[in-house]
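Participant: Residue numbers (my numbering), protein chains in the order written: chain A, 1 to 374; chain B, 1 to 358; chain C, 1 to 158; chain D, 1 to 150.
Incorrect hints may have been included.
Below, computed lysine-lysine pairings styled on DSS-like, alpha-carbon distance capped at 27 angstroms [what the hints assert, rightly or not]:
| hint | chain 1 | residue 1 | chain 2 | residue 2 |
| --- | --- | --- | --- | --- |
| 1 | C | Lys47 | A | Lys181 |
| 2 | B | Lys335 | A | Lys354 |
| 3 | C | Lys32 | A | Lys190 |
| 4 | D | Lys84 | D | Lys125 |
| 5 | D | Lys7 | A | Lys58 |
| 6 | C | Lys96 | C | Lys148 |
| 7 | C | Lys19 | B | Lys335 |
| 8 | D | Lys125 | A | Lys304 |
| 9 | A | Lys301 | D | Lys61 |
| 10 | B | Lys120 | B | Lys81 |
| 11 | B | Lys95 | A | Lys209 |
| 12 | D | Lys61 | A | Lys304 |
| 13 | C | Lys141 | C | Lys152 |
| 14 | C | Lys19 | C | Lys84 |
In short, the hints are calculated from the structure, not lab data.
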Amino acid sequence: MYTETQVIKETKEGELVINMGPQHPATHGVLHLVITLDGETIKKIEPHLGYIHRSIEKMSESLNYRQFIYVTSRMDYLSAHINNLACAMNVEKAMQIEVPKRASVIRVLMSELTRIASHELWLGAMAMDLGAFTPFFYTFRERELITDIMEETCGARLTMNYIVPGGLMYDLHPDFQQKVKAFVKQFKQKVTEFEDLVTNNVIFQARTKGVGILSREDAISYGCSGPVARASGVSCDIRKIYPYEGYDTVEFDEVLDTAGDSFARYIIRVKEMNQSIRIIEQLIDNIPEGDTQAKMKAVIKPPKGEFYTRVETARGELGVYIVSEGGMTPYRVKYRSPGFSNLSALDHMARGSKIGDLMATMGTLDLVIPDIDR
Amino acid sequence: MFSLEGITNTIQNWLYSTFDPTFALLIECAIVILLAIGLFAALGLVLVLMERKVAAHIQIRLGPNRVGPGGMFQTVADTIKLILKEGLVPDLADKFLFNLAPFVVMIVAMLLLAPIAFAKNFQIWDINIGVLYVSAVSSLSVIGILMAGWASNNKYSLLGAMRSGAQIVSYELSAGLSVLTVVVLTGSLQISDIIASQADGWWLFKGHIPVIIAFVIFIIAVTAETNRAPFDLAEAESELTAGFHTEYSGMRFALFFLAEYINIFIVCAIGATLFLGGWMPLHIGHWEGFNHIMDYIPSSIWFMGKTFFLIFLIMWFRWTFPRLRVDQLLNLEWKYLLPISMLNIILVTVIAILGWHF
Amino acid sequence: MFLKDYISEVYTGVSSLLKGMRKTGYYFFHPKEIITEQYPDNRDTLKLAERFRGEVVMPHDENNEHACTGCTACELACPNGTIKIITKFDISPEGKKKKAIDTFVYHLELCTMCNLCIESCPSDAIVMAQNFEHSVYDRSKLTKKLNKPDSKIREGIE
Amino acid sequence: MTNEDIKAFITTVQPVATFDETGEWLNILVEPSQWKQLATDLRNSSFLFDYLFCLTCVDWKTHLTMVYHLSSTTQRLNIVIKSKLDRTNPEIETVCDIWRTAEFHEREVFELFGVNFLNHPDLRKLILTDDFEGFPLRKDFEDPINMIKL
């Protein structure tokens with residue numbers, strides 16, 4: 001990190017250095033950006049991280065293979081379920097366990113519900129960053145239904161810890177199907193509201209179109225993933241290219257755009273919600289009967305080796321890299337978090353734009369700070 | 001029929017019959033000051049509560065509902081909290097300007113109260129250049145904001161103040177031009193004349209489309225001038241935390257907050273006066289019967305009703321639209337509002353000369 | 001041509017704004033859509049899902065008996081060291097020594113409600129309760145003793 | 001294209017590299033001094049490894065191993081490249097001019113493992129404070145104040 005004198009030394013005449021964060025309404029957490037400004041124009045952005053670094057990678061080294069899954073809920077708390085899924089899949093891959101069909105269908109359903117909930121929250125927060133407060137409450141109304149479903153089946157609203165290696169912690173709640181159907185119905189009715197309030201709004205379009213452009217080459221080079229990369233035309237949906245948990249058996253489209261600006265990223269996420277709804281509709285009536293948990297030993301000791309799983313969270317590609325030495329605990333765990341790579345592109349995207357544009361760019365990057373800091 | 005005119009006349013007659021004229025004038029001044037301050041306090045409380053309730057209902061929430069019936073005294077509680085809070089002054093701030101700024105903003109808001117006609121013959125000062133006075137004084141508030149932004153010695157405040165300066169200066173133009181349309185039609189700058197000219201119908205209705213355009217531009221421009229969303233760039237929360245009043249706390253912050261709401265009230269009152277006839281009841285041409293029924297509603301209620309309708313409109317904007325970017329804000333003014341209002345004023349002049357209005 | 005574009009731009013802009021205002025206006029005039037939960041007032045009717053994980057409790061039956069054998073499976077399963085079991089040796093009527101719990105210490109302040117202890121319990125002695133109002137003025141109050149005083153292990157549970 | 005093609009290609013550019021195919025993906029072990037050249041070759045080869053999706057380090061107590069996960073967005077190939085570093089003075093060439101995502105990831109590895117990336121444009125601490133001593137993710141790291149032993 002820079003010391004204060006260094007900053008002053010490197011600042012040219014007429015430039016203004018402002019510290020955005022770690023306490024700032026638009027950074028949604030404790031992100032600290034040191035922004036060099038020329039008037040209102042951004043010259044340079046320097047992210048400073050670590051305000052919420054808990055060293056989950058080190059923590060995971062001292063927890064056993066059942067325990068370390070719960071910590072990952074605290075990384076990207078908005079897609080907690082998908083994080084857990086990645087870890088459980090990694091352990092299953094190491095132990096070469098086949099997950100029962102019912103469990104994997106439920107995992108997919110829950111993942112898609114989590115994705116919708118995450119995108120709903122993002123949509124509200126993004127609109128709020130641009131000064132429209134009201135959509136936030138409308139999106140939370142739908143998100144509330146999902147968290148209620150989660151609460152009923154998984155026992156918690158945000159950090160579910162519903163997945164255990166080999167399957168699920170317990171079976172679905174009897175009301176699950178009916179509640180999900182009610183949610184899908186309401187979601188389809190209300191999704192047009194955002195079109196009127198946000199998408200088609202002339203001010204919103206003016207604020208986001210052509211702002212924070214990320215070209216295809218840059219998106220790949222910066223290691224961007226998820227909606228950020230897909231808005232730049234990079235086909236990177238792990239659910240499509242390396243299908244897991246039976247994503248290859250459901251029909252959905254990978255939403256792509258080529259504009260690479262904030263509006264494209266916005267549209268991608270909105271369309272992705274509809275694709276998630278499509279997956280849920282296909283699966284909700286076809287949950288196979290059977291066990292929800294594969295037979296596993298009480299103590300999990302994967303063989304010596306290295307295992308890597310990739311999943312598509314709401315923010316992009318999450319990779320879990322486990323080095324096992326054959327013991328009760330992993331030797332080394334690395335979480336490749338999508339937000340960390342996406343954040344590294346922020347400086348490139350925001351240079352030369354106005355401070356107001358930074359909000360649109362940062363909002364559409366969908367940064368979750370604990371995911372970046374881990 | 002209830003009328004404030006009667007009360008004021010009685011008081012004035014009594015004062016002049018009991019005291020020496022100079023002394024009576026002084027007492028009148030004191031009464032006016034007290035009333036103005038009382039009005040300020042009451043308006044602040046009511047408007048803040050109204051804003052919160054309007055916001056809540058738009059956002060499918062209930063809003064304040066704990067203090068008093070239906071949350072009526074929430075703003076009173078908030079005010080007490082703000083008064084009791086410590087007013088922090090940053091170490092490196094320009095202390096004199098820092099303390100002065102909220103009062104400048106407040107005094108400007110108070111000065112604007114003078115020419116407003118609250119009811120029939122109930123006006124502090126019926127100055128003959130009323131509209132000009134309002135335009136002139138309202139642009140002074142930018143000095144207070146710049147002062148606050150500079151004196152805080154905070155980069156966010158400075159950016160906010162600079163934005164505010166650019167914004168108020170440019171929107172002053174189209175606000176002024178749209179006000180002028182009514183002046184052209186009336187032929188007078190005096191508020192009482194403007195209201196009197198609307199005795200057979202409000203300008204909004206009898207002025208054809210040009211006046212409607214002028215009205216829309218006026219609403220947009222005053223929304224910008226009072227730094228309200230979608231033009232709240234000076235205090236853009238997600239960009240500049242709180243803009244020019246980032247460093248203010250306690251009572252000084254409360255003054256800024258109050259001044260913002262008073263400014264909204266005043267610009268809406270002026271809008272109501274110019275375009276919706278002020279205290280003038282809804283009169284339609286020569287329908288004597290209808291006009292007579294309308295006259296039974298007290299003029300003060302007409303005035304307040306129109307003003308609060310406009311305030312509601314501005315609040316409705318705030319809770320619906322995203323914020324503009326600073327260059328788009330200026331584009332909107334210079335590329336859209338200003339050319340349209342210039343064209344508009346030519347049209348209105350033609351209408352006024354040919355006497356095409358009703 | 002320029003003028004036509006200009007006017008259509010103004011028209012689409014204004015109409016998109018009016019559409020948004022219609023939506024928010026609809027909600028303003030329809031108070032039935034309000035979704036606010038009146039939390040402390042609706043405490044009596046508030047129903048939490050039965051799986052909701054609020055805190056770990058140890059159910060006791062009417063004879064003040066619980067099902068905990070003191071096997072420490074939950075203590076081992078806990079990722080945060082939330083549970084600490086202190087065991088003692090009871091002497092049964094036949095004169096045999098038998099392991100039993102003395103104190104089941106539960107640190108609520110460390111608990112993340114991950115449910116791993118309940119999963120691991122072989123005798124279902126602990127369950128999750130739905131209570132979520134945990135705030136206290138003193139942190140030490142969050143360290144709880146789950147077995148009631150003088151409670152015994154239920155007959156027939158090994 | 002298969003792993004065999006990749007192996008053949010790598011053998012031509014870096015004959016000393018060794019392969020390991022026991023895992024899910026092809027693992028390639030190279031010397032730190034050869035890494036930069038190999039990276040450039042891989043990026044510009046017909047396989048087009050343009051996506052560095054994971055960059056990390058593992059502390060093996062005797063040495064450190066840099067692990068690079070590379071992927072190709074057009075051909076959908078994945079390979080893992082490893083490089084053993086000396087534990088006392090770990091040094092390797094940076095690759096952030098080839099894959100710009102490496103800039104942040106290398107800064108993270110720099111402060112958590114103490115690996116010195118040569119020619120990195122901006123090698124400063126990203127997460128920890130400036131005066132932090134030690135490398136937290138190394139196995140011998142002890143923090144007497146904040147570490148809670150379970």
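Participant: Looking back at the numbered hints, which does the structure fail to meet, lowest number first?
Facilitator: Checked against the structure, the hints that fail are numbers 5, 8, 10, 11 and 14, while the rest are satisfied.
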